[in-house]
Amino acid sequence: MAQTIEIVHFRLKPETAPQAFVAKNKEIEQNVLMKMPGIISRETGIADDGKVVVVLHWERPEDAQNSMDKFVANPATKDFTALIDMNTFTMTRFVKS
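Numbering (the numbering used here) for the sequence shown: 940 to 1036.
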């Protein structure tokens, strides 16, 4: 099965301090995401205007989908998602060639 590249874009809520997001992002990455089955790597970048990009690499498309289901259901991620303007959230998955 082909590896999957997942690209997520969103903006922080206006009241979210970038430093607060960076700290919570690191915590969620270490304690939740990097423990998900099939995760290979994850990178996050933040623009000056508050736009965020997250690039994840997964072993299989199923791993990417299963991680999303688990992430949303995990109570530990609620503080993280509260920092995000979910109206700006987009995610695209690609098959690595």
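No lab work stands behind these hints: they were computed from the structure.
A portion of the hints provided could be inaccurate.
Capping the alpha-carbon separation at 27 Å, the derived lysine-lysine pairs in DSS-like fashion look like this [what the hints assert, rightly or not]:
id : residue 1 : residue 2
1  : 1017      : 990
2  : 1017      : 952
3  : 1035      : 952
Problem - Violations among the numbered hints, reported as their numbers in ascending order - result: Checked against the structure, the only hint that fails is number 3, while the rest are satisfied.
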